[in-house]
Amino acid sequence: MNFSRRDFIKTAGITLGALTLPSWVYSAEAETFSAIEVDKNKLADIALSTAKKLGASYADIRINRYRLESIQTRERQVQNVQRGQNFGFGVRVLVKGTWGFAASPNVNEEEVRRATAEAIEIAKANSVFQKKPTQLVPAPSVTTSWKSSFVKDPFDVPVNDKIQFLLKLNEAALAVKGVSFINSSMAWVNEQKFLATSDGSRIEQYLIRGNPTFNVTAIDRASGDFQTRSSLIEARSAGFEFIEQIDWTAEAKQAAEEAVMKLKAKPVEPGKYDLILQPSHLFLTIHESVGHPTELDRALLWEANYAGTSFLTPDKTGKLQFGSKIVNFVADRTQPAGLATVGYDDEGVKAQRWHLVKDGTFVDWQTTRDLAPLIGEKASYGCLHADSWGSVPFPRMPNVSLEPAKENVSADDLIGGVEKGIMIFGRGSYSIDQQRYNFQFGGQTFWEIKNGKIVGMLKDVAYQSRTTDFWGACDGLGGQATYQLPGTFNDGKGEPSQSNAVSHGCPVGRFRNINVLNTAAQTQS
Amino acid sequence: MLLTEQEAKTITDKILSLVKTGDATVNVSSDKLSHLRFAHNGFLTSGQRIGRSANITIWIDGKRGSSSTNDLDDASLKTMVEQAEQIARLAPADREYLPTLGAQKYQPVNGYVEATANLSPTARAKAIGNILAEFEKSGVIGAGFHQARAQAGASATKNGNFNFERSSVVSLSTTTRTQDGSSSGFFFRSHFDINRLDTMRIARAAIRKTLDGRNARTIAPGVYTVILEPQAVADLLGGLTFGFDARNAEEGRSPYSAPNNKTRLGEKIFDERISVLSDPWNAELPGSQSAQGGLPAQKIYLVKNGKLENLIYSRFWAKQRTVEPTPGPVNTILETSEKPSTMEEMISSTKRGLIISRFWYIRSTDPRTASLTGLTRDGVWFVENGKIQYPVKNFRFNQSIIQMLAPGNVEMIGASERVGSSEGGGASLLPALKLKGFNFTSQSEAV
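Protein sequences appear in the order of chains A and B. Mapping to our numbering: the first sequence position 381 is 381, numbers consecutive. With positions in the second sequence counted from 1, the corresponding number in our numbering is that position plus 1000.
Where hints are given, some of them may not hold.
What the hints assert, rightly or not - Here are the simulated DMTMM-like cross-link-like pairs (lysine to aspartate or glutamate), alpha carbons at most 20 Å apart as the crow flies:
1) A:Lys266 x B:Asp1180
2) A:Lys177 x B:Glu1251
3) B:Lys1032 x A:Asp364
4) A:Lys420 x A:Glu269
5) A:Lys316 x B:Glu1134
6) B:Lys1126 x A:Glu121
7) A:Lys378 x A:Asp359
8) A:Lys53 x A:Glu121
9) A:Lys131 x B:Glu1165
10) A:Lys316 x B:Asp1180
11) B:Lys1262 x A:Asp220
12) A:Lys264 x B:Asp1366
13) B:Lys1262 x A:Asp225
14) B:Lys1032 x B:Glu1165
15) A:Lys131 x B:Glu1136
16) A:Lys132 x B:Glu1134
17) B:Lys1032 x A:Glu110
18) A:Lys319 x A:Asp225
19) A:Lys168 x A:Asp247
Hints in this document: simulated from the structure, not taken from any laboratory. Computed from a predicted model, the values in this text were never measured in an experiment.
Please build the complete structure, drawing on both the sequences and the hints.
Right, here's the structure in full:
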């Protein structure tokens, strides 16, 4: 079914006059769900004028449509193919310095009025007990549209092509002797977001992201042992070219061979090792130990009841030695293919790039319009996000990435400088405390290094460290050629809990003298 | 707002009437969520959301397709059905397809209270305002989250089954910290009846833990005797019943697998006083009246008196093995066959050990042994010679839960109470446990 120009005008609204219609709106596939039958700008006018009339000092409305597709297979069969769509709106109001929010899937004028009044009622009820009113830094008014970077819209690709891709991948793994099972899946998300704020902004955004993945199991039935190996290729913001441009079959075959190898791998001897961490693993360590502690809402105790606080506090800004001098972290919502890359955040602040850690020193925070004033800042870095029209937008992580070395350093160069070490690929078990200090990470495959050379495979490896000790022990980073941008599709935070997709670019890294434990031996009570 | 049984039936009938060929199962649901988040002794965000959705799975010649929408108008439902049919025509045959169930008879559960569904924002603001005042009075910095959710929905099949259910739940969690950030306490409870949730009790419990946790000392990690409060047990074992999958066990990839394609069924895996069960009609923890695939839920034991009594057979796997599919689980209950011990008895009988309030960031490290890593959070106390001596700083642990509950490691078991995992997930009915050994592997400075 085609998305006609008439439908688009109804959707985007003719009051957008100055907006140049982006080309994607003509080609975007859209089913005849009633999602396309509303005049968003008219509804926004109603919400914002109602909120103002009822006493809001600020208001915004998001009218969003989400399309989802997922396919699950195991071995030679398809377990499920699912498509879904979800449409609704959420109104956020600030009354006497207190937030109120209401949301509904009934996207019509009467319901927008009702929900706006409900949000006001909630804000007013709570404001009676509010001692410190919330304040917002300003954001320039803008009317625009933005589209994430992709070539081939996955929702236009026939389902059968996706099924055949997964079954072929499964065959490649099952062809390896010793492999018993494989589960594979593919998930695609399309967000069509509309935001109107009482500051005058009207923003349309269209985002695509994908998460193809698999997990191979090898079983030694005689001993009862089993080992798994998951894909080392992580989710990204991309279209179906993500599938076409990578040799997934080779990755599945390698995964299968490594799952079988793990059954016979040498259990690690606990102790101190130098670690060579590949980007497929290091990105999650960055996420947990750098991404989360630099969220200002955590440092200000807003997440104290759930996700936790941070060992970083505002008085440490510009002073705390976070890592060694070669460690530089950038927050970046503009990075192509980044899962947290947007044009604008969910309160109309333009995407930006800034340093969180510079030359090893912690220098800045992730902020929103209500967080920035609390540390004396005059502008937000644009980190507000909601995972649905029905969720309250709140501070979420941008892509947080480790800059590569300026020199052309390879993984072999780093391995060459290791006498006793382990190289780790892939995400495994990960756990970190509520202030982001003490962590323990596993991986998918572990390779023993002796005197500058890989000598064999290890299993049951996890390393444990403290954030600043760990980044302080980083004495080598790969160059741009080793840089990758892996990401995670579902990062939970907040109450009610919300899910965020975020990427963490990084080169291969070397970390000296890190505590390694054997997860199989450690569990004996 | 919430669908009535008649409204739900009208919608499922309408959807099924659009299915031109093959078999189908449909679900329609509606919910209302009301929430308030507070931190630093002030209100943070608060709102209400109504939601609804429908989904359908269709099999045409054994080929399967699914689609969902949250637009319930006629055109959208028609599109949803067409999309599922389109996918089903493209998909390879679903080798696990079994015809959907015909009419079933369900024994209703009682887990819905109107007052929970219709919570007043003004009354909630007052209740939380009173808690904030209590925080101020006690000199602590408090954060927390209050939410109420009501759901109503139905499932129906092309072969004539229809099941309508309603449920409600309200919960409050609070975390309080000392002004200097050196001590923290947490308390969390939920109920389906808002009149049974004592908000001030929850706040005061968190405050007490915070004040009792001041001046924590550092002690070395290692294997300690532990007294796990129900919250800590919930963090480790919440939803335990859902991990007893028969297929995984028989395929050799579960802690309940045994060598040479066997399982541990019939083996004494836990202390002989422990039973693990699911009971849809439990008065404190009502579950769903419908189990997997729409089967009427029944009370089932996974572990009885320490012995692995049942594994969970899906309808498909049961057919493969020519056994009956398992009518559950729908909730998690762990109970003792003996008179439950009190916390006081656990403490007074401890020569040297630790009291643990809560665990956090728990992740699997080895699925073969159900081994987990994670950290203690919001209160650890050192016990010696039958008395609490002083609070201590947090630890990281690495521990197999199978070994933890194994014969010889469980010393005392408390009375089960309704408690939810603090990392999310629903409530379970779990006791405090005193365990002979629990493995702490490193220190954590986090508060």
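Each hint tested on the structure:
1. A:Lys266 x B:Asp1180: 47 Å, violated
2. A:Lys177 x B:Glu1251: 17 Å, holds
3. B:Lys1032 x A:Asp364: 39 Å, violated
4. A:Lys420 x A:Glu269: OK: A:Lys420 and A:Glu269 at ~12 Å, within 20 Å.
5. A:Lys316 x B:Glu1134: 31 Å, violated
6. B:Lys1126 x A:Glu121: 14 Å, holds
7. A:Lys378 x A:Asp359: The given pair, whose Cα atoms are some 25 Å apart, is violated under the 20 Å limit.
8. A:Lys53 x A:Glu121: 13 Å, holds
9. A:Lys131 x B:Glu1165: Between A:Lys131 and B:Glu1165 the Cα gap is close to 42 Å, so the pair fails against 20 Å, i.e. violated.
10. A:Lys316 x B:Asp1180: Judged against 20 Å, a Cα distance of about 16 Å means the pair holds.
11. B:Lys1262 x A:Asp220: With Cα atoms ~13 Å apart, B:Lys1262 and A:Asp220 stay inside 20 Å; holds.
12. A:Lys264 x B:Asp1366: Holds. A:Lys264 to B:Asp1366 sits at ~16 Å (cutoff 20 Å).
13. B:Lys1262 x A:Asp225: 13 Å, holds
14. B:Lys1032 x B:Glu1165: This hinted pair holds, its Cα atoms lying about 15 Å apart.
15. A:Lys131 x B:Glu1136: 12 Å, holds
16. A:Lys132 x B:Glu1134: 17 Å, holds
17. B:Lys1032 x A:Glu110: 18 Å, holds
18. A:Lys319 x A:Asp225: It is violated: about 49 Å lies between the C-alpha atoms, which goes past 20 Å.
19. A:Lys168 x A:Asp247: Since the Cα atoms of A:Lys168 and A:Asp247 sit roughly 12 Å apart, the hinted pair holds (cutoff 20 Å).
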